[in-house]
Structures are given as C-alpha cells and as structure tokens.
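**Q** This is what each chain is made of:
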Amino acid sequence: MLVTASALLSPEVLKEARRRERRVAWQQTRIAWLFIAPAVIMVTLFLLTPVVFNVILSFTKWQKFTGLDQFAGFNNYARLFRVPYFSEALGNTAIWVVGAVIFPLAVGLGLALLLRNIPFQETFKSLFFLPRVLAPTAVGAIWYYVYAPRGVLNSTISGISGSQFDFGWLYSPETITGSVIVTFVWQTLGITMVLLLLGLAAIPRDPVEAARVDGASGLQIFRHIIWPLLLPTVLVVTILNVAAGFTTFDLLWVMASSFPGKRTLSLAVYMYYESFSNGAWAYGSAVAVVLGAMVITVSALLAVVQARVARNIR
Amino acid sequence: MSLQKTMTMAGLAALLSVGAAQAQDLTLYSDKTEWNPGITAVMDAAGKAAGVTVKVQDVTPTDKYQAFMQTSIAGNNVPAFFTWWNGNQLSDLVATGVAADLSANWDAAIANGDYSEAQRELVSVEGKPYGVLLNVANWVVFYNTKAFEKAGIAAPPTTWDELMADADKLKAAGYVPFNGPTSGGWMPFIWFSQLVLGGDPDAFVGLTDGTVPYDGPAVQNAFKVWGDMYAKGYFTDPREQDDQKFFVDGTAAMYLIGDWHSGSFAEAGMKPGVDFKTFLMPSLSPDVPQSVIVEASPIVVSKAALEANPELGKAVQSMMSVEASNELGSKIQVYNGNLKAAAPNATIQANKDMVAAAKPRALVRWWEAVPSQIQGDLVAAMGAFMFDPTPEQAAKSMADMQAINADYWASK
Amino acid sequence: MATVTLRDIVKIYGEFVAIKGVDLDIEDGTFVVLVGPSGCGKSTILRMIAGLETISHGELRIGDKLVNDLPSRDRGISMVFQSYALYPHMSVKDNLGFGLRISGVPKTEIERRRAEAATMLGLSPYMDRRPSQLSGGQRQRVAIGRAMVREPQVFLFDEPLSNLDAKLRNQTRIEIKKLQRQLGATVVFVTHDQVEAMTLADRIVVLDDGRVAQIGTPLEVFERPANLFVAGFMGSPSMNFIAGEIGAGPVIKAAGLEIPVPPGRFNLPAAGTPVVLGVRPEDIVPEGHGTRPELGADFIAAVNFAEMLGNESLLFADFGDTEIVARMQHPRALEPNQNLKFRIDGARVHVFDKQNQNSLLR
Ligand SMILES: Nc1ncnc2c1ncn2[C@@H]1O[C@H](COP(=O)(O)OP(=O)(O)OP(=O)(O)O)[C@@H](O)[C@H]1O
Ligand SMILES: [Mg+2]
Chain Z
1 MLVTASALLS PEVLKEARRR ERRVAWQQTR IAWLFIAPAV IMVTLFLLTP VVFNVILSFT
61 KWQKFTGLDQ FAGFNNYARL FRVPYFSEAL GNTAIWVVGA VIFPLAVGLG LALLLRNIPF
121 QETFKSLFFL PRVLAPTAVG AIWYYVYAPR GVLNSTISGI SGSQFDFGWL YSPETITGSV
181 IVTFVWQTLG ITMVLLLLGL AAIPRDPVEA ARVDGASGLQ IFRHIIWPLL LPTVLVVTIL
241 NVAAGFTTFD LLWVMASSFP GKRTLSLAVY MYYESFSNGA WAYGSAVAVV LGAMVITVSA
301 LLAVVQARVA RNIR
Chain B
1 MSLQKTMTMA GLAALLSVGA AQAQDLTLYS DKTEWNPGIT AVMDAAGKAA GVTVKVQDVT
61 PTDKYQAFMQ TSIAGNNVPA FFTWWNGNQL SDLVATGVAA DLSANWDAAI ANGDYSEAQR
121 ELVSVEGKPY GVLLNVANWV VFYNTKAFEK AGIAAPPTTW DELMADADKL KAAGYVPFNG
181 PTSGGWMPFI WFSQLVLGGD PDAFVGLTDG TVPYDGPAVQ NAFKVWGDMY AKGYFTDPRE
241 QDDQKFFVDG TAAMYLIGDW HSGSFAEAGM KPGVDFKTFL MPSLSPDVPQ SVIVEASPIV
301 VSKAALEANP ELGKAVQSMM SVEASNELGS KIQVYNGNLK AAAPNATIQA NKDMVAAAKP
361 RALVRWWEAV PSQIQGDLVA AMGAFMFDPT PEQAAKSMAD MQAINADYWA SK
Chain G
1 MATVTLRDIV KIYGEFVAIK GVDLDIEDGT FVVLVGPSGC GKSTILRMIA GLETISHGEL
61 RIGDKLVNDL PSRDRGISMV FQSYALYPHM SVKDNLGFGL RISGVPKTEI ERRRAEAATM
121 LGLSPYMDRR PSQLSGGQRQ RVAIGRAMVR EPQVFLFDEP LSNLDAKLRN QTRIEIKKLQ
181 RQLGATVVFV THDQVEAMTL ADRIVVLDDG RVAQIGTPLE VFERPANLFV AGFMGSPSMN
241 FIAGEIGAGP VIKAAGLEIP VPPGRFNLPA AGTPVVLGVR PEDIVPEGHG TRPELGADFI
301 AAVNFAEMLG NESLLFADFG DTEIVARMQH PRALEPNQNL KFRIDGARVH VFDKQNQNSL
361 LR
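Chains as they are written, first to last, in the numbering used here: chain Z, 1 to 314; chain B, 1 to 412; chain G, 1 to 362.
Rather than coming from a laboratory, the hints here were simulated on the basis of the structure. Given the structure is predicted, the values throughout are model-derived calculations rather than measurements. Just so it is clear, CB atoms sit at the ideal spot from N, CA and C, and this is done for glycine as well. Mixed in with the good hints, there may be bad ones.
Only part of the chain B face toward chain Z is listed, based on derived beta-carbon distances under 10 Å [as the list claims (entries may be wrong)]:
| no. | residue |
| --- | --- |
| 1 | 66 |
| 2 | 225 |
| 3 | 227 |
| 4 | 384 |
| 5 | 396 |
| 6 | 400 |
Listed below are the simulated PhoX-like cross-link pairs for lysine-lysine, each with C-alpha atoms no more than 25 Å apart in a straight line [to be verified]:
| no. | chain 1 | residue 1 | chain 2 | residue 2 |
| --- | --- | --- | --- | --- |
| 7 | Z | 64 | B | 412 |
| 8 | B | 245 | B | 277 |
| 9 | B | 277 | Z | 64 |
| 10 | B | 64 | Z | 61 |
| 11 | B | 412 | Z | 61 |
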C-alpha cells in the first residue's frame, strides 16, 4: 500500500488526532478529580454554605433580638453609604491593602537580597520568621506595650531626646493605622522574605551570568533579569498580602482595644463590630459581602496576572 | 419563627462558648465583676430558698457582655439569671420573650412594704415588671475632701460658675479637676449626657426618643462647654483603662458617677463620708432646673427557667427581701432600693437626703434610654471627642452621631 | 590589544583543585581551541576569563591590563554558554538586543547587527518566540547570535555547536571562523569535537585534569603529541599503544616484531629500556590497501571484527597481548577471523618513555 504525506495530514486525520489528544488529557485528569473531590465537598459544605447563608442574612433585618425573618431588600447595603463609618473603614482598609503589600515586599525583598549570599543565612531566616509563629493576638499584645504611652517606644524616644515623651500612638487617628501596619510588617516580613528567597533561589544562575557578560550592571541585572524572573513570586506574595490587608482584624482588635474609633480601622473590624458587638447581624453581613466581593475580585485579578506572568517566563 | 430557629441553630451554634448549663446548677451572668461578693451572697440565699445552687459568672467589659448575651439569647441558651439594664434595653429584651414576668413577686414585695409602686415602674415594660432591683443609684459628683481642703474650697459648689471656679482652684493646687474615664465601652457618655441635660433636660430626653438631633443647639452647646473644659485641662488622660484610678490615687479631685461606685472607692481605701463626699451636679445655668440621673439595674429571670422550676419563685422573693438588700449593702456597699434596708454607707445615705431635700427632676440614664442598636456607635463618637477634644472633632462626632441617629429613626 | 594571558592560574572549589596552575598566552586575533576530556576544567578556565569565577591564584590579563578583579562587564568579552543561558522571559529579538540596548547602542545599529546575525544563523522566523518555544539547536544559535552582535574583542565559546545537526554545525563553524577573521577578534573556543578543533584552531590547548598537557598548532598537536595523554586524546580512533622495548639500532621491539624507526627522529635510550610504542590506526596498513610504507615491519593477524564506515573500515586485530585498530582504505568484505597481512609504518610511529609518559621525539 502506498500512503502519501498529504493523505496522512488530511483534515479527517487531524480531527481524529485532536480528539485523541483530548481523550488522553481527560483520562489523565480523571484521577486528579477523584482526589480533589473530598476537598470540593468540604469547601462546599464549610465555606460555600456559610457564604450563601451570609448573603441571605444581608438582605434581612436581623439585629439584636429580632428581624431574622423580615426582608430588608437592599436597605443594609444602602445604609453602608448613609452612615459615616463604612466609608471610613473602607478608606483605612485601602491604606491597609497598600501598606500590607508595599512594605513587607520592599523590606522583605531588601532583606532577601542581602541574606541571599551570606553565611548563617538560616539563622537570620529563622530570626525574621519567628514573629510569624506567634499568634497575632500575642503579637498585638506585645506591640500594644511597645506603643503604650509609657511603653518601649516612648521610653526610647524620651531617653534619646531627654524630655518626657508620652504620645499615644494607638490613640490618635493619625498614627494608629500606621503603627499597627508596622506591627503587621514586623510579623509578615519573615514569610514574605522566605518566599522571596525561595523565588530568588529558583532563578537560574545562567541568565544572570549571561547578563553580567553582556555588560549589565548590578542594578540593570536586577531590573532586567532578576525582577522579571522573580515577578511570579512577587505576585504570589502580593496576593497573600492583599488578602491579609483586606481582612486585617486580630492585630487591630487587640492593639486598638481602647481606641474609640476602633470599628472604622478596617472593614473586617467594622464587620465584626457591627455583627458581634452591636448585634447588627444583617448589616454586618452586608459589610461582609462587600468585603468578600472586593477580596475575591482583587485576588482573582492578581491571580490571572500572576498566571500570565509565570507562563511568560517559563 | 421556625426559619429563625433553623438559621439560628446553623449560624450560631459554633459561636456559643458556653454549653447548656446543668439542670440543677443554675448560673447568674453579669458584667459587674466588682459586685461579685454581694451578688454571690444574694444568690446563695436565693438558691437555698428554692433548693438549687446558683453560680455567678461574669463577662467583661460591658460591650462584650452585651454581645455575649445576645448570642446566648439568639442561640436559645438563656441563663436562669442575668444582670441587665432598664429603659430601652429592657424593652428590647422583653420583646424576645425570654424574660419572666415577675408581677407576683412584686405584688408580694410591695404588700410586704419592701418596695414601692414607683420602684416597680423602674423595671417595668408596658406595666409589667421584668426584673428584680440590683442597684438603684443616684448620679452625683464624688469629691476628694483633702483636695478641696488644699484648694481652699470650703463648701461644695451649688452652681455651674462655682463649679468652674473651684475647678480652677483645684487646678492651681495641682489637681486635675475631673476624672474623665473612657473605658468599658460606655463611659464616654457620662459627660456628654451630663452637659446636655445640664443645659436643657428636655433636649436630653428628646435625644433618646428621636425628637432632638445630635447636631442641634443643645448638643452643640454641650460640646462647646466640654471642649472648653478640656482646653483648660480639667480632665484626666482618656487613655487610662482603669476608670477610677485617677480618683482613688488623688490625681483627680472629682468624679461624676453613680453612687454605687462608692463601694469601689471604699475597697480602694477611701473612707465614705470622710475621704470623699458628694454633691449634686449643678445645671449649666441657674435658670435650668436641677436634675439628677437615676440608674436602676435589674436582675432578669429566664422565663424558661422559671417555668421549668416554679420553685425559683421563692428564689426571686428572697432576692427582694431586706436581707438580700443588707447583703448587698454590707458586702459591696450597693443599695438596691429596699425601703426597709438602711443605706450601705454614709455617702449613699447623704445622697438620698440631698435628693430628698432638693427634689431634682429624676431622669433615666442616657444609656438605658437610648435605643440599644445605636448605643455603641454613639458612645464611640463621644469617645473620639475625648481623645481629640477639638472643635473639628466635635463637629465630626456630631455629624456622625446624627447620621446614625437619623438613620435609626428613619427606619422605625 | 586583546591578548589574553594566563599566568599560573589556579582554581579551587573548597578542597577540590579544579585548575592546577595554567599558563597560556593567547595572541591578539588568534583562534584558540581548548580540548580535553569532560571535567578537565575547560569551562572553568573560560568562566574565569569571563569574570564569572574568582581566580584563586595567578594572574589574568586581557591586553596589558590585570583583570583578576575586574567585573565581567568591563572585560570587553562575550560568551556563549554551554547551557545557552538565554533570558527566559525575553523574545529572541530581545535576547539578541539586550547587551547592546543596556550599553546604549543606537536603535538603528542594534537593528542592523541583529538582522545580520539572525540571517546568518537562520533565526529570522523565530524572532518573537521565547527560548522555551525553541529547539535545543535554535537556542544554541540564539546564544551564538547574542555573543556575536556585541562584536567584542574576545569571544568565549563553550561548546557552542554541540546541539546542532551535522549540516548546521559545518555551516555555523564556517560562519564563526569568518566572523572572527572579519572582526580580528580573539577567540577561546571549547569543544569535544576533533574536527572542530582541527579546522577552527590556530592553536590547540590540550587540557588534562586541570593542567595544560600541550599547546600547539593543530598539526603539531596531532603529529608531534608531547605525551601519551595528548597522543591518546587527539585522533579518532585513538592511537594504539603497545608495550615494547628498545632494540639494537633505531629499532623498537614489540610483540616479537622489530620495527625500524628513522634514525635521529627520537632520543632513544639504551637497548632493553621498556617503552610504549604508539601507532595510529592509519599507520597500520593492510596489504593491498594504500601505499605500502617503505620503512616498517610486517605481521599477520586475524581480524576479530571490522567496522565499516563507508570510505574506510576499522579492523580490530590482536597484536601480541593488545587489541589494535587498523584503518583500511577502500574497504572490501572480509570473512570472519580472516588472516590479513599488515605493515606498521616505522616512519610514523611514536615512542614514549614508560616512566614519565613523555614523547621521545627529538
Ligand atoms: N562550582 C563548583 N564547585 C565544585 N566543583 C566544581 C564547580 N564547578 C566545576 N567543578 C569541578 O571542576 C572540574 C572542572 O569543571 P568544568 O566545568 O570546567 O569541566 P569541563 O572541562 O568544562 O567539562 P565538560 O566537558 O563536561 O563541560 C570538574 O571536576 C567539576 O566537577
Ligand atoms: Mg564544560
């Protein structure tokens, strides 16, 4: 029998080939689905159900002791803009998201680049990682005393300046958010740095050496080679920290415990306060829905960008 | 109702940190830790009368206690006894149907001469009493006698101008005139409400029923006076979390608070009637009639618990007895209004006498009078001002409070 | 100018001494090929010249300048890495242009050089792909292109042609040589391929375990290997080594045969001294194939095995205790174990000192 090349690549043959590739792909992922199934069920049961419940709640009048079966329409959502606290909390959350992304990343990257090639790297890594293993509430308690009017920070300033300094870092609307962000950075630095170190370690040595030979300076190598190759890691860290920034709660709850404007320090605090302190369950749920929607949207956008960037450097 | 039940069970079961109490072992929940010895004594006797034991369990601070009780009630896990507040707070609670109607016990107590009809009104919602009195207190200004002496103040002030003049003298003598605590999630309302009612008692009442706005002239004036006082350095550091610290350590010379607090001062080593005395807070000007805030705290009994064990009626009766009143008086120096009981200390007696003589207008405390849903938000706005007592913050606090207030009453 | 001088260069990695004192003078515009077995230190030397490895000891000069501590980018070199080392996140186009772009070469000039390199290396169709979308050979060509466009004074090539098919390899080899001539550049080129080494090199440096075994022109290295190692390494198949001893007169005795050598070619020690006799396969001539060497010795051996290569055949036969390889021109079919008569070309044999393994050539 004589088979010509053109007969081999006829449209029918190509179609059949594609179908086969797809079938094989399905057969290969089938097993994976089997393993994922329990997780999917758990997520549905323990994550999705409460979310749905929460969304339903946000359309009721439930507060304190009454109103769970009364439908409120979009009233709870409208209230977000009628009372001043939501927009304040939103503004502070925006500061948090930006601060929680930029500072750990900048400081973490600096440290990672410094630590990358030094001896005792492991020791330093553990040292910076240590705060991460403490409960956020414990971290908050420690830093509460750092910032206290007669705390470590003010004593130090007093000692240096020679005059009594008792500024209330955690009592002034101007300084409280920044102060707690500093604590957050202190706590997150370790994990950010370790992730970035892993990312740096995964960058092949070759292109860096090629760039050196190609005439690039240290800064140019960082800008043109290391940074683009590290970008997927940077974005993963960003996604983690964006989510942390949006949902920041425990540190604020502990550190701002005696600040009267505590509720507006972040959306998560506001949500918790309205639901669990104020008994405004339905309204709190509306805050939760808005917060959740924002976190999901931003994280999803970042995840898409991350995937694209990661694919581009493979 | 069944929807409510199902959703409540699903949503809140996990939140409840307290499991179902054992049938015989009843619990009284309270946010008043300092009063534990007195409450315990009362409940021991009450338990004995009904053949049960009652443990006393406290949850603090107040805002956390309120949240805790809300979840307990929503989760159908109501303790047999719990301390509460009267006014709007009590109405909200009664609306849930968890509180027992104590008419029978009150009828008996009144017949027995322990209490008056007027006192029954303090804990009644729509004519029915839902609580046993734990505390009936007058709000007065406590002052440090040594400080007044040192500042050369012979007699306590009777007008606002005298009060301000005395404040200046105290300041010159090295004292901070007023203790201005912010702790517990409620204390910021003390001076706010005092300054509103001192200028216009009707406006004060109007604030709590939605007829007077939180950014109107009465409130503006209160903030102006308050801000001036802060500017003159009349108040203690708002960051202090121990509310009475500055009064008992002699930093602050005066402390506006309910006279139930006298027991705590005594506990801290100040002798009632000797180290500290009291006077009625004057109005802001002589043409405003003198008024006084009266605070009444009830202990509420769970309807379910009472139905499950009718014997508990005897416990309630015991709680209203003169013996119970005397236990509170001797253990924690709190007066619960029993007409047969003696005042627990010289200060409380003096206050009773002062009020009897001056016949001021008695007003329900702002805390109890204001709708409970907006209570916390409003207090926070007042607290914000105490940390930043500037005209700008005053304006912002008023705007915030009015936004919250208007939103609440619009939705009614 | 761009001479490259290595003086007593040593490289240690922890306890391990990779380069054990290398001296090398590379004159301006010469094409030097480094050869040696895997792991002998070729890449290490290249990387030290490139400034990618510190120099543990010794002096490295480019031109007159001591560059031991000079960063790579100031050395005026470009390098093709054994592993290509392309920028994974950049298109082929950007890979080629990167070095020029950061050193501020005008756009039009970048475009011109890039187009030239792309055409020469057949990369034009792939300019917008990223390295991960290229075949191994294509990547290697990008790596070569990237080095070429910078037109430096010194080129370092680390096995740049190893992944190309035979045709492309020949073509690229010629292009590299042309480019080098045209630019007058100095090239240090590492390869495993004998043909590449022979055809490209002005000078070949044979390395053995971190040391220089011999430096010379391709002809020198091939015709006059300085020692057993170079003799064995250069040439394919390898030279046959046979244990022997000095006979009476200019004669080497091995496996019962007396092989005469040209008088005066060697510094021969006293008769009876054991030596190693080296004979290249092409110098063992089967009778009837090629010209019969004048000076030589005949022997008859059974052919154990024949490897047919087309224009020639390799014959494996026993010679005394050793199996030797002979090259048969214009091959013909042989019976298994067929006896053949061979003649060893006495004029072309090598003799090595058994002790120090150095050649006894005069
Ligand atoms: N970073 C290093 N640490 C330790 N030893 C190394 C290192 N780099 C190379 N070596 C060792 O140095 C020796 C020379 O390595 P090099 O890469 O120069 O060999 P090569 O001649 O290029 O080999 P090939 O032909 O296989 O590429 C080898 O034995 C190698 O194991
Ligand atoms: Mg190599």
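**Q** Does each hint fit the structure? Answer for all of them.
**A** Comparing the hints with the structure gives:
1. At about 7 Å, the closest approach between the beta carbon of residue 66 of chain B and any beta carbon in chain Z falls short of 10 Å, and the interface hint on this residue holds.
2. Violation of the interface hint for residue 225 of chain B is found here, the shortest Cβ-Cβ separation to chain Z being roughly 20 Å, above the 10 Å cut-off.
3. Proximity of residue 227 of chain B to chain Z is violated relative to the hint, the smallest CB-CB distance being about 16 Å (cut-off 10 Å).
4. A least Cβ separation of about 5 Å between residue 384 of chain B and chain Z falls short of the 10 Å threshold, and the interface hint therefore holds.
5. For residue 396 of chain B, the suggested interface contact is upheld, since its CB lies about 8 Å from the closest CB of chain Z, less than 10 Å.
6. With 10 Å as the threshold, the beta carbon of residue 400 of chain B comes within range of chain Z, its nearest partner Cβ sitting at about 5 Å, so the hint holds.
7. A distance of roughly 15 Å separates the Cα atoms of residue 64 of chain Z and residue 412 of chain B; the hinted pair therefore holds under the 25 Å criterion.
8. With a C-alpha separation of about 17 Å, the suggested pair residue 245 of chain B and residue 277 of chain B falls inside the 25 Å cut-off, and the hint holds.
9. For a cut-off of 25 Å, the pair hint linking residue 277 of chain B to residue 64 of chain Z is broken: about 40 Å separates their Cα positions.
10. Restraint check: the Cα-Cα separation between residue 64 of chain B and residue 61 of chain Z comes to about 22 Å, which is no more than 25 Å; the hinted pair holds.
11. Taking the CA atoms of residue 412 of chain B and residue 61 of chain Z, the gap is about 12 Å. The hint holds against a cut of 25 Å.
Figure legend: structure checked against the earlier numbered hints; hints not met, in rising order: 2, 3, 9.
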